[in-house]
Every structure is written in C-alpha cells, then in structure tokens.
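There are 2 protein chains.
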Amino acid sequence: MSTTIKAYGADDAKADLKQMNIERRPCGDDDVKIDITYCGVCHSDIHTVRNDWKNSQYPVVPGHEIIGRVLEIGKNVTKFKEGDLVGVGCMVDSCQECSSCKEDLEQFCEEGMVGTYNGKDKHLGGHTFGGYSTSVVVNKEFVLTIPENIDEKGAAPLLCAGITTWSPLRTWNVKKGDKVGVIGLGGLGHMGVKFANALGAHVVMITTSPDKAKDAKTLGAHEVLISKNGEDMKKHMNSFDFILNTIPVGHEMDPYIALLKRDATMVLVGAVEPLKPFHGGGLIVGRKRIAGSLIGGIKETQEMLDFCGEHNIVSDIELIDMKDINEAYGRVIDSDVKYRFVIDMASLKN
Amino acid sequence: MSTTIKAYGADDAKADLKQMNIERRPCGDDDVKIDITYCGVCHSDIHTVRNDWKNSQYPVVPGHEIIGRVLEIGKNVTKFKEGDLVGVGCMVDSCQECSSCKEDLEQFCEEGMVGTYNGKDKHLGGHTFGGYSTSVVVNKEFVLTIPENIDEKGAAPLLCAGITTWSPLRTWNVKKGDKVGVIGLGGLGHMGVKFANALGAHVVMITTSPDKAKDAKTLGAHEVLISKNGEDMKKHMNSFDFILNTIPVGHEMDPYIALLKRDATMVLVGAVEPLKPFHGGGLIVGRKRIAGSLIGGIKETQEMLDFCGEHNIVSDIELIDMKDINEAYGRVIDSDVKYRFVIDMASLKN
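Here the protein sequences line up with chains L and F, keeping their order. So in our numbering, spot 184 of the first sequence is number 184, and the numbers just go up one at a time. So in our numbering, spot 56 of the second sequence is number 56, and the numbers just go up one at a time.
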C-alpha cells in the first residue's frame, strides 16, 4: 500500500474552515473589518492549540498579533477609514464600564476581557476566532493604528510581545540611566531589550547562553550577564533598578532577586506556571519586590505603537507561510527563532 | 543519687556575665547610657540564642526591644537628658553616609547596620550585646524618645514588632477606607491590626484559628477571615488593597495572592525562610505584587512612637522575670503568648 502526501494549501484551509463552520460577524455599526496581512505566532497560540491550559475551545483559530488594512467600517467609526494600516492585539472586547476599563486597563476588566481567540464571543455566541485568518471584524475600541513608517511584518509582534514588555517598563517608570535587566532572549526578551534601550536605560541582558551575547548587543543591550556564572552574578548584586523577567517556565528566583537594588522590582511576564520556592529573606532584606504584568491596556498599546513609529522599532522576525505553522510551533518550543515567527497571510489567500 | 535544682537568680546572672567578660563601653561624647527597665522578647532572640541562622556569636545577650531611663549622656548629646524615657530597637549603629542612611533607611545601610546584639561592635571590637541586661550604651542617633503617656512595659515591643508592622503600612501608603488584611495573630500581627485600625483602614484578620476571632476584634479587626475556609476565602478574592503577612515560617502564598486587588501588594515581614512555590499567573493576572520589609529607619521609628503616644497604642504583653526566660521561649515557639513577653529588668537587678 502506498500513501501520497499532499501539501496542505489554501483550498484545503478554505474547505476546513467551511466544514468547521467558523463564522465572522458582519461589520456592525461600531466595527472595523480588517483584511489581515500578517499575524505573529505567540507561544500562547501553541498552549491554546494544544490545550495546555485546559481551557481551549475547539475549533481553535489562534493569532493575536494581527496586522492588516481596513476593509470596511461601521457607521459609528470615525477614527479609521478604508485602507488604514491597523492592528489587533490580545483583546477584542471588555465591559468598558468597570474601574479597570475606566482606567484604560481593559486587560484587567472585572467581567473578564474577551480574548482575540478562545474568548467568549458577545456577538455570535460561542467563542472568538483569531488572526490566522484572511479577515477579522473587531469593535473599533480594540483596533489600533499602526504607524505607516514602520515595517508592517515586524509590527505584528508588537501587539503582544511588544506591549507585554512595554507596559511593565512604563508602569514601573523605567527612565534614562536606570540599570535594567532583561532575563531571557526570546520573543518577549528581545523586545524588552529594544524598548529599555530606547527609553535610555543601561540594559543588561541576563541569559544562560553565552552564545546569545553578540545578538543581545546588536539588539541594544549594553552588557550581557551570564546567569550561570556565579562570580559575575555576584558582581551585579544589589545593583539593578528594574528587572524584566521573560522566562516562560517555572524557575529559581533567588539569584535574580539578589540582583535587585533596595526597593527595586522584578516583573514576571512569562511564567504562567508554578515558580520554584524563593527565600523570604531575599525580599525582606532590601525591601525588594516581585510583581506580575499582563499585556497592557488599549491606550498604552497605542502609545507603544506611536513610540515604535517615532523610534522605528519593530520585532525581528522570520516570515513564514501558513502551511509551515506546525514546523514553526516546534521551533518556538525549541527556542529556535529570531525572535518571532510572522505568518504571511497572502499564503492563506492565494 | 539525688540532684538539687536551684533557681537561677540575679546573683547567678551577675556571676555569669562577669565570667563571660561581657563588657559595655563607657558613655562616650556621642553616647547615651540607659538604665534598662524593660526588654521585649522577640522570636529573633530565640533564633540567635539557638544559632538557627548559623551566624550567632557567643556569648549572646539578646534583646532589641529596649525601654529605659537615661542614666548619663555624652557632651555632644543635646536631645536627651538624665531621666528621659527612651528606647532602643534593632540597630545601634550604621555608616550614616551611604544613600540608604541618608534616606533615613539605616536598616538597609550599605555597609550593614549594626544589630543591637550579635552585631559588629565598632567601639570595643567583638560583637554587640543586647537588652537582656541592666544597662546599655548607645550612640545618640539610635536612641528613641518614648512618649511619657504610654505604658512603659507595653512600649518595649514597639521597638521591633511595632516598627516592623508600621513601616510597610506607611511605605505602601495604607489609608482611611483601605481594606487591609493582616495574616497571623502573633507579636507582629497584633500590632499590625492595631496600627491599620488607627490609620483608618477596614481591617481583616486572616488566620487559621477560629478561636482567635474574638481577640482579633478586641484588638481592632473589623472582620476575621479563616484562611482554611475555602468558601470565605473565595468571597474575599481580589478585594484587598494591602496585605501584611506576618507568618514567621515558609507557607503557601497562592491563597493570599488571590485575595489581592489589581495592583495591590502583600508584604512579607516574618518569613525569613524559603517560601512554598507560587503560581506566576497569580501575580501576572491582576499585576499583583509581593514585597518584603525589614523593621524601619530611625526617623520612621520615632514617627511610629509619636503616633503611639497620640493614639495611646502599646503592645499587649505578659510581664516576666528574667529567670522565666526559658519557659517564655518555649511558649513563644508554641505561639502561646498574648502577644509579647516583656522582661521586667528589675528582676535582674535585685
């Protein structure tokens, strides 16, 4: 018996979507319909596709780093017009009325933000479908303006990896001259290095891998600290004003807490997992702080995008076709990407 | 064979001290010599006596909650006069020149603060001896004024338990109407409840022991939350503006992190130990924070004492004689004290 393996192409995708009955709502009065050009590949996509967090609803259409052009606007939409370059990040809705929403922190909406995919669809019922798609319809409040001067493909990861690292740097007021550590050089970490540098900080890339040193410096790190080198770690003790911790899995925290100055904070943005035990004394002696941070609000995301326009900052990416997604997922898991995969959505359309 | 057990008395203590060659320096130009009237018993005393932290230097004379009257002053001392009611807390010296000292945070002195006992004695060499003693000589900058209107015995624990709980409440700006949790009703916790109440907060005592409820309310708690009761814990989720965590040993943190509001902080003041692993997601979703806090600076300690004078706040204590110290230690370890032992130093003198 012989088996013929056929490449999965656009027609197959269309047939699958039809069969799965994945519906997009028509463009309502407050909506923007977007022709998706590029979509970034986030580690969360993989967690959701694989149901790692035990909350996936199938069929899953992942993707919350969406770039595209406005195709159609509803009658109440004044901020956008057909053809505008726009983006959509991790959220497509929230209550807009709770104290978090009123403080422009929709990611902490007390009724729960609506995720761009795997969220509760308020319009059609069921759940939301993300950006691995030809188009999407999104409420105008959750559509962002992408500066026309930056690279469209590289802008996609700003919508998740970008805001996830920008928001803590701003919330904890990182400023010119601060000594800022960025732990982990992946999709998040490489954006953290770029932003901290652009904000005028002295940036130290903290990594286990000496072979990442050169890249880190190209991205904007002023120093590289190899966390496995005890002597070097000792030299940097009690010296950091702020540490952005992008490690995506549970890990030891004591060695990093030791790096913080008195009253300084290490913010976790990656490890949605149980962390290893840390020593209370590490926080008590030095009044040190650990915190978490989750993406950022819509207003702050627009501020970040505008900043990227002014400073010409985008993500370093590898562009792939839709058919290569499974291979890309494997490489994300192996940390084998510099530094974010972005899907060329033309490959789904043609 | 029969053994005669003889009570350990003042004469024995004197003989022991003489034999151990425990020396106090003469009162120098910048010094205050204090006749000790009362000294509180802190859990740290026990850790040091028993060398739990592997840094004890023997002979140990513990005690850093010292109350007494000024016996003698050096020629540069203008703030105190003979007979003044004064106190000494956990520190008797620091460099006075580093950025922490200049910010009135001597507890974080970059050269290391000098502990009231088991610290490095800058004057005589060797190590410092604490307040389980008839007198002590201390640099004027580390001597505090005790308001004459408050109970002298009950004031002793303010010098450690008091400032340890006061400082985080002030650093994190606890104010009228805030919902404040105090975890653990011991020497620290009972002061936390009193202070948070006096600052106008809505105080919730969080404890494993339902039988502590009545006492907690007498001390100033408006509500008692039994942490073993999952349903009640659920009702208080995401509702606290601030949590003061006085648990003195490693413990689970997730259930308490869940109680915090967005952007709220839980401060550890007791657990100088490895904590149990917590889930990164608990901090990330809600941008929550964990921090540590260590006693407080001299200026802040004086502010706390003045506040206690204005609000007539002291610690609830059990007064003991010096000879009962070993029994008291046993009871501290068993959490069987309401809420702090204080030694009547007359029992050492007579």
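Rather than coming from a laboratory, the hints here were simulated on the basis of the structure. For clarity, every value in this text was computed on a predicted model and none was experimentally measured. Careful, some of the hints might be misleading.
Given that identical chains are not distinguished, each listed pair holds provided it fits within a single copy or across any two copies.
Computed list of lysine-lysine pairs in DSS-like fashion (alpha-carbon distance at most 30 Å, straight line) [stated by the list, open to error]:
1) Lys120 <-> Lys235
2) Lys214 <-> Lys102
3) Lys175 <-> Lys102
4) Lys122 <-> Lys261
5) Lys122 <-> Lys276
6) Lys349 <-> Lys214
7) Lys338 <-> Lys276
Hints, one by one, checked against the model:
1. Lys120 <-> Lys235: between (49 Å within a copy, 24 Å between copies)
2. Lys214 <-> Lys102: For Lys214 and Lys102, neither the intra-copy (43 Å) nor the inter-copy (40 Å) Cα distance is at most 30 Å.
3. Lys175 <-> Lys102: Both. Shortest intra-copy (26 Å) and inter-copy (23 Å) distances satisfy the 30 Å Cα cut-off.
4. Lys122 <-> Lys261: between (46 Å within a copy, 26 Å between copies)
5. Lys122 <-> Lys276: Neither. Shortest intra-copy (38 Å) and inter-copy (39 Å) distances fail the 30 Å Cα cut-off.
6. Lys349 <-> Lys214: neither (38 Å within a copy, 69 Å between copies)
7. Lys338 <-> Lys276: within (28 Å within a copy, 35 Å between copies)
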